[in-house]
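Chemist: Below are the chains, spelled out letter by letter.
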Amino acid sequence: MSQACAIVGIGQTKHKKRRDDVSLPGLVREAAQRALDDAELTWTDIDAVVLGKAPDPFEGVMMPELSMADALGAAGKPILRVHTAGSVGGSTAIVASNLVRTGQHRRVLTVAYEKQAEGNAQWGLAGGKSGGMGAGGIFAPWMRSFIARTGSPAHIGPMVAVKDRRNAVKNPYAHLQMPDLTIEEVMESPMLWDPIHWHESCPSSDGACAMVMTTEDLASASPRPPAWVLSTAMRSELGMFPGRDPVRPQAGVECAQAVFEAAGITDPLEQIDVSEIYVPFSWYEPMWLEGHDLVGHGEAWKLIESGDTDIGGRFPVNPSGGVLSSNPIGASGMLRFAEAALQVRGMAGEHQVDGATVAYGQAYGGAAQYFAMWVVGSTLDAVAAKG
Amino acid sequence: MADIPITTHVIEFPYTRTLGPVIGPFLTGLRDGQILGIRSVDGRVLVPPTEWDPETGMPLDPAGLVPVGPGGVVETWAWVTRPTAKHPLAHPFAFALVRLDGADTALMHAVDAGSIESMATGMRVTAKFRDERHGHITDVVFVPEERA
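Heads up: the protein sequence lines correspond to chains C and U, in order. Under the numbering used here, think of the first position of the first sequence as 1, with each following residue one higher. Under the numbering used here, think of the first position of the second sequence as 1001, with each following residue one higher.
The shape of chain U in the complex, shown without the other chains:
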């Protein structure tokens, strides 16, 4: 009997997203190596930027997008001892709320600190962009400032 050829197909359905006038530039900014916030109705800088003011619901003007960081302060954090395949880093790291310089709200992101002993609330970190970027939130990771 002749060998039966076997082919493997992976069937998947990709969702698409239209990002709109605020999240679109934010992700494009990441691809370009820059983090953007947006000015809220009461004058604060929100990071990540939102299309509408969280307090009043008014539309926020994309002209109010402003660069923030790359440095910032860790407001709070949790150590991930055993990362899974879906985590942003393959080795232990911290999820932290990072308030970037020039921002009034904190961004949740990964801090690649090496060890839990290197983490502390109030520590300075800075954005480290990957060489190959795609306009995703994973284009960037934070590292302790003294190691940057």
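Extracted from the complex, chain C is given alone in its bound form:
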């Protein structure tokens, strides 16, 4: 990994319940075109395409990397498919960045998407049979265990839900727009899987995300400020094995250690200005704050309760509104990575965290068993510049 990699173009679609105005390739194309426009590049400038999405049965379009080659302008170029369940958007971005960092390609387009309205993700997760537990059903007992271990008060999950939905109002691409949601309304909404209320669960979205990555010399000619990839890490583990701690998966602990160490981060809470973390159900915000050692055991709920994870707080989490506000599954991880990059480029619009120079993007998938993370900076020495 000798070369620097810059993110010079970022695009995403408006995330919606149903995008019936575009075909599946048309949806992906929309995000990709916006990323190219941001970079002021054309399709012919791209050397390779890296595509990621959640399992194919979600839409029933098998091996879309083949059928979408024309939509992605990939004729005569390498096209790669990445597949790591819900974390795939993050893993895909990392694979794309590695193609630049290793000197394989000079300009790489990476895309991730889901068109949930064309299929049924829960049905797909259950292997095409009815009666699957669903993601919430798998995660709920782990959340209850987390609450019991840490003594987190019951209103912390609802607080996260309200924060993310209010943040989403500042993001024109976010699916759910709920400016007036209150903690009481969250707690009074139907209980889906105890402790997850209806309003503590992500929506089902159609949407896509794309990024253009390039080398240091080409980035200098880019029209807008780039974001620099300071470090990346991926880890995985079995979804089930004797002795596994699914509340604090070891793969997540080690992935975070690796990504922070590689970026030179010794005190994440102080050195990271903004984080975009995969939180499809509210309680995953405190669970990952502790599960990635951003704060100590039993400390996450206090950070949240004090408002420190709000925009303007000490450690803002998901200023974009996060997965709780938009969940085009395959794209959700890449959206975390892209939103982190937008922050250090100073291009996050109304949900910009003032002066952000170091940002953390995280995605997880499967039975909380796949992790993908990156740290991005406004400059290559953004962490060191913090002193």
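No lab work stands behind these hints: they were computed from the structure. A portion of the hints provided could be inaccurate.
Cβ-Cβ distance ranges computed for the label pairs, FRET-style [to be verified]:
#, chain 1, residue 1, chain 2, residue 2, range
1, U, Gly1043, C, Pro225, 37 to 45 Å
2, U, Thr1007, C, Lys302, 49 to 57 Å
3, U, Ala1078, C, Pro190, 54 to 62 Å
4, U, Thr1076, C, Pro223, 45 to 53 Å
5, C, Pro242, U, Val1041, 56 to 64 Å
Think of the CB as a built atom: it goes at the ideal place given N, C-alpha and C, for glycine as much as any other residue.
Could you slot chain U onto chain C? The hints should help.
Modeler: Chain U only, in chain C's frame:
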């Protein structure tokens, strides 16, 4: 003991598709008894039509959709001796690449030729539309022109 009523349920989950501005009109055309191609960036007529140019990746203008056929030439073919339930015809037929009149690329489809002896590369075929059409690729089958 009273008879226990038994009911049979078939549980299925239908996928849906949004076809977009090119494949949508192509399938609507089939329902209306017409095959459409689209003009590519370099001026060729592609059948079936694509939303993006296969060479350059540029979007193709739906205004460039043009009727092709119904006649065409078999470029190559393979005989299906024992069709399965999923094949378009219940009796032996050929899968063929058919380059329709006015098109520059070939469409893969079924040719209902009766027997393998009736098939030949370079033979003329023509589209025969089913009476009841649904906007599916199976709304049409090809037959040798002299039998049309």
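Chemist: Now, for every hint given, state plainly whether the structure supports it.
Modeler: Hint by hint, here is what the structure shows:
| no. | hint | in the structure |
| --- | --- | --- |
| 1 | U/Gly1043 x C/Pro225: 37 to 45 Å | 41 Å, holds |
| 2 | U/Thr1007 x C/Lys302: 49 to 57 Å | 56 Å, holds |
| 3 | U/Ala1078 x C/Pro190: 54 to 62 Å | 56 Å, holds |
| 4 | U/Thr1076 x C/Pro223: 45 to 53 Å | 49 Å, holds |
| 5 | C/Pro242 x U/Val1041: 56 to 64 Å | 59 Å, holds |
Every hint, counting from the list given before, is met by this structure.
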